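Undergrad: From just these sequences and the hints, can you work out the full model?
4 protein chains.
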Amino acid sequence: MLVSLECDYNNGACDQILRRLLETNRERLPGYGTDKYSESAKAKIRSACGCDTADIEFLAGGTQTNAVVISSLLRNHEGVVCAGTGHIHVHEAGAIEYTGHKIISLPGVLGKLSAETLSNYLERFHDDPSREHMVWPGLVYVSYPTEYGTLYSAAELAALSDVCREYRIPLFLDGARLGYGLMSREADLTLPDIAKLCDVFYIGGTKVGAFCGEAVVFTGVELPEHFTHFMKKHGALLAKGRLLGLQFDTLFTDDLYFRLGEHGVHMAERMKTILREHGLPFFLETPTNQQFILMADHQLVPFSKQVTYSYWEKADADHTVIRLATSWATRDDELEALREALGVIGG
Amino acid sequence: MLVSLECDYNNGACDQILRRLLETNRERLPGYGTDKYSESAKAKIRSACGCDTADIEFLAGGTQTNAVVISSLLRNHEGVVCAGTGHIHVHEAGAIEYTGHKIISLPGVLGKLSAETLSNYLERFHDDPSREHMVWPGLVYVSYPTEYGTLYSAAELAALSDVCREYRIPLFLDGARLGYGLMSREADLTLPDIAKLCDVFYIGGTKVGAFCGEAVVFTGVELPEHFTHFMKKHGALLAKGRLLGLQFDTLFTDDLYFRLGEHGVHMAERMKTILREHGLPFFLETPTNQQFILMADHQLVPFSKQVTYSYWEKADADHTVIRLATSWATRDDELEALREALGVIGG
Amino acid sequence: MLVSLECDYNNGACDQILRRLLETNRERLPGYGTDKYSESAKAKIRSACGCDTADIEFLAGGTQTNAVVISSLLRNHEGVVCAGTGHIHVHEAGAIEYTGHKIISLPGVLGKLSAETLSNYLERFHDDPSREHMVWPGLVYVSYPTEYGTLYSAAELAALSDVCREYRIPLFLDGARLGYGLMSREADLTLPDIAKLCDVFYIGGTKVGAFCGEAVVFTGVELPEHFTHFMKKHGALLAKGRLLGLQFDTLFTDDLYFRLGEHGVHMAERMKTILREHGLPFFLETPTNQQFILMADHQLVPFSKQVTYSYWEKADADHTVIRLATSWATRDDELEALREALGVIGG
Amino acid sequence: MLVSLECDYNNGACDQILRRLLETNRERLPGYGTDKYSESAKAKIRSACGCDTADIEFLAGGTQTNAVVISSLLRNHEGVVCAGTGHIHVHEAGAIEYTGHKIISLPGVLGKLSAETLSNYLERFHDDPSREHMVWPGLVYVSYPTEYGTLYSAAELAALSDVCREYRIPLFLDGARLGYGLMSREADLTLPDIAKLCDVFYIGGTKVGAFCGEAVVFTGVELPEHFTHFMKKHGALLAKGRLLGLQFDTLFTDDLYFRLGEHGVHMAERMKTILREHGLPFFLETPTNQQFILMADHQLVPFSKQVTYSYWEKADADHTVIRLATSWATRDDELEALREALGVIGG
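Chains as they are written, first to last, in the numbering used here: chain A, -13 to 333; chain B, -13 to 333; chain C, -13 to 333; chain D, -13 to 333.
Read the hints as simulated data drawn from the structure, not as lab findings. Be aware that one or more of the hints could be misleading.
Identical chains blur together in the list; that is why a pair holds if it fits in one copy or across any two.
[What the hints assert, rightly or not] Calculated lysine to any residue pairs in the SDA-like style (CA-CA distance at most 20 Å, straight line):
1) Lys22 <-> Leu280
2) Lys22 <-> Ser296
3) Lys291 <-> Leu15
4) Lys291 <-> His252
5) Lys30 <-> Leu92
6) Lys22 <-> Tyr295
7) Lys182 <-> Pro210
8) Lys182 <-> Pro156
These figures come from a predicted structure and were not determined experimentally.
TA: Have a look at this one:
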């Protein structure tokens, strides 16, 4: 058995979603997100965020969400600030720039942008007399968990939020893996905290139980006018919006979203134990569902016959950093197979 | 019972798709359209098109597909030609122009662009010494069925194709409702015909049995290099590409796509009979699944309490054109309810 | 001698501009339009417009001006409305669409958009329940004189302005040839009238005395924030802004701009007399500096050996419409040479 | 007397250009760069570059040139690579991203990108399995002189060129100040060398003797098809192209461009001596026309009453880096006035 640990989207949807798709399949519902399940999902998300006035919209995927949200919030002369490791900067094929806006990357540490780095940059920018020829910071982008699986502490996010508010720049949080962040044992942030500290963020469905779908939540900034129109202009408005609405309605019933996230991080903790038991050195051990392992290249050939992983980067001439990810769908037998595989290789 | 005839996307997915989603849900599959179901679907579509060399890619919705395909095929100085009623020109919120390209609209008749109109335009364009300051025609867009539910005959599409090939301009066919066109009793075009006459086209899934998804088929032009990369740049690459691949794999098993289309047009023929029996005047009677009815405004209030319809346009001070659509999902009881509603209103 | 009547930009700059370029050449001046001549030019234009609060910016050419102004005023979901013959729609190579916005073209008559046509369109648009999938009208574009050399009357422009204000849509006037319009014997509009009726317009320098340069005047709408920044982003901010400022400062000293315009239309009147005397049929006789003549094709070969003209369009199998243009720089000897050429051809 | 040393575009045009504008002003010439002076200028530039087959086009300014050239050469999935200090990355208001393409910035040293840094990046990129989600390097941008006034040696540029050719990526050189680079006493590169080592580059006119204008030279890559059309689409095609053609025709007659450049660097050497004599510490002493001085903040107030300079960046709490620039137009009396000003301040 080949164990698939290469990512957290190698699965279908959770059983509850499939069940509800079956139950509601024959209903006649209006299109473009105006159906009752979308409405119900929005109400449940508002409640989970502790924010009655939040505006919520559903999009299909993460890159699409980032591009639509960022370009709808930026004004002509503005760009978006992020850590150099930000997903929008590295792995979205230039989707943000395609909307005509620059990404202003700042140095980060383990995927995180610090309030100090941001503050220093903003201070320097506003002191610079040639700033009229520079791209203005119009939005700050962070991810939670980050692309490295790390987490901002409540204090760190609050500090970032303070800097943003001082400069009146909205703070946008990419929550593609939000469930795995919030349910981490090390997390000291709740969903209502995020709703308060950020101005807009999204709750990732694709990687946490859904076939597809991300829920964008506007709390500190107003929904950009004609937002669904702009989604359409971007090719991001599904005719059968019910597909997204129903999935999120399900995920936010009975805390399912959180339970799925919890399962993912629980399985990650078990995976970490197995990896440690077999002496595999961590390049980066994280409190969420992604773990980064330093592998000798000669081990990778036998390992890849047993386990699918993601290449992360070359560490040196003879070593490679790989990523192993669990998810809401990871099963006991998969971890057992990993243990066996490692035993065989003698990892 | 309120009868929903306002569109052909007020339903879920066909039973076969739901069944296969359930069956395959726990499989571990690679992302971004590299899964085995996507591969299988492509092979089946190639076979149905009678074109072994076709390249096929899956996107989530129609506007997205139009924007990605058109902008990936146009060169910097080019625009896309279509009838003034073309969906891309009227109802896609400016999605094509958002990619930086102009739509060159020509007069059409009942939604169709004639070879003569196109040829005259192209001849004038190439005779015009100021054409270097004009947008060059780089692609011709038609829809089948058109936005008015009408169909190109084989002769008409062949004539358009001839003009395009004379001028070396690719012909792109928007098949958002392709199933209802191909299965119309008046259609004299097959899928292999379309694959031969057009250079690129898409097979609409959203409106013919799927939750979402359109299959783009490149036959006469090469797949633009790095096409999936460009999809990503456009925010149009789903992480769980299996969702699209599996749906099309199902739709192209046992001619399901065609059977669904056939059901839709069969129900439309029955609906036309009911409408005629009740003396409702057709604004435009079509051979496909959309019918356009001229209603006196005083009838619309009682009618709307029984039937949901789409507003199409004002006809005069006292009359409105409405659209009624059937689909693969339209049921007998719905048509019966329509008959009853019309009896009550005395339409 | 070959007589050049093909356009109104086949000349250099007026003597006064050259003289002042020489006089000021060695001055050290700050860049990017912050020099004293740009300031002085703005003050003089404000005065000529009778509008103390107008904001004014200088750009280098017409297409650039149209693209920068239009895209800086439109919101994400909006497009610009114009007559089907509008320069932005026909002869600007897709420059507006390149900024991501659609041009919504309406039928015009002799280059003009009527208030009635605009009003009907806007009424229909706002009645259409599917307008959220359509491009919203966010700006109305007219040209004065139009691309056909025709003029809006004061009543016509006021009516357009009323419709725009009723719908709260800014009215933008392209004045690439404004001087030839305002100084036409048939004009009943003044520069202050235009400043009042329009919300933003530009005063064309390139075709009326300058080497290059257009002055954009914002009267009814505020200058978009960070406008010069957006000009830079568009590649439209000249380092030596003095080149534009000084030219407009000269053009708006001692009514030079108006005198240049007057000369151009005076020469056009004389040209019209010559053409009429030789029996050349007008396709369109205009009150400005461009005249449209219907020529038999067999006459064009000898004619083209004596006179350079612009091809406009084919009239029928044997006839062609050509354009002859005078300008501020047209000389007596040129019109005499035209008279001789026509005598020889027997036009 | 206030001495203006803040930049190299605070002047008009050189006398020879003004003289020729006067001489040719009354000639009737065709528009859009098709005039005889533009042709003549192209021939002279080809000759100066030692490249008979070069294609040459004229644009009005540097940012415009960078945006048009870069976006016309990049394919959909590609971005442009440059040093983090590259003008396009820092001071062009996001003009490149506005065309939909990402700038991939790499660490540079004193404004220069090394062949090793580029090579390492390209090797890593092509080894990265997730590169399909990353922006592909499609062009390499360098500036000569750099934004810091430094110069690539012949060996350094040749090494960069080798890496680019190994990876089949065109090398683009921004020569906004090319004259001051080529005529530096430390330069070991000639114009023909640059034509051979680069694939496309531009010869800056705005900062070296002209009112405006940059000449793009395509040597190693073909002129993108319909390039002037794309210029028009970008709003970058001047109606009176003669203004650019004539200026470059003049600059490339009797080696004027090189003599102007030589004057600028000669005056810079004299300025450096004066600065040194007065003990002003160099932050960066360069072999071209821009010098970077470290000033104590308390000195800046009196200094700024005598000399206009450019703020470059804060060095520490009490010191500021400023830039002083000479140009082709710097006069003896200006340097004398600088000497006097420094004497007064006791710099």
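Undergrad: Could you run down the list of hints and mark each one as holding or not?
TA: Okay, the hints, checked on the actual structure:
1. Lys22 <-> Leu280: neither (48 Å within a copy, 30 Å between copies)
2. Lys22 <-> Ser296: This pair counts as between: shortest inter-copy Cα distance 19 Å, intra-copy 39 Å.
3. Lys291 <-> Leu15: between (47 Å within a copy, 16 Å between copies)
4. Lys291 <-> His252: neither (26 Å within a copy, 52 Å between copies)
5. Lys30 <-> Leu92: neither (36 Å within a copy, 45 Å between copies)
6. Lys22 <-> Tyr295: between (40 Å within a copy, 18 Å between copies)
7. Lys182 <-> Pro210: within (19 Å within a copy, 31 Å between copies)
8. Lys182 <-> Pro156: within (12 Å within a copy, 38 Å between copies)
Violated hints, in rising order: 1, 4 and 5; the structure is consistent with all others.
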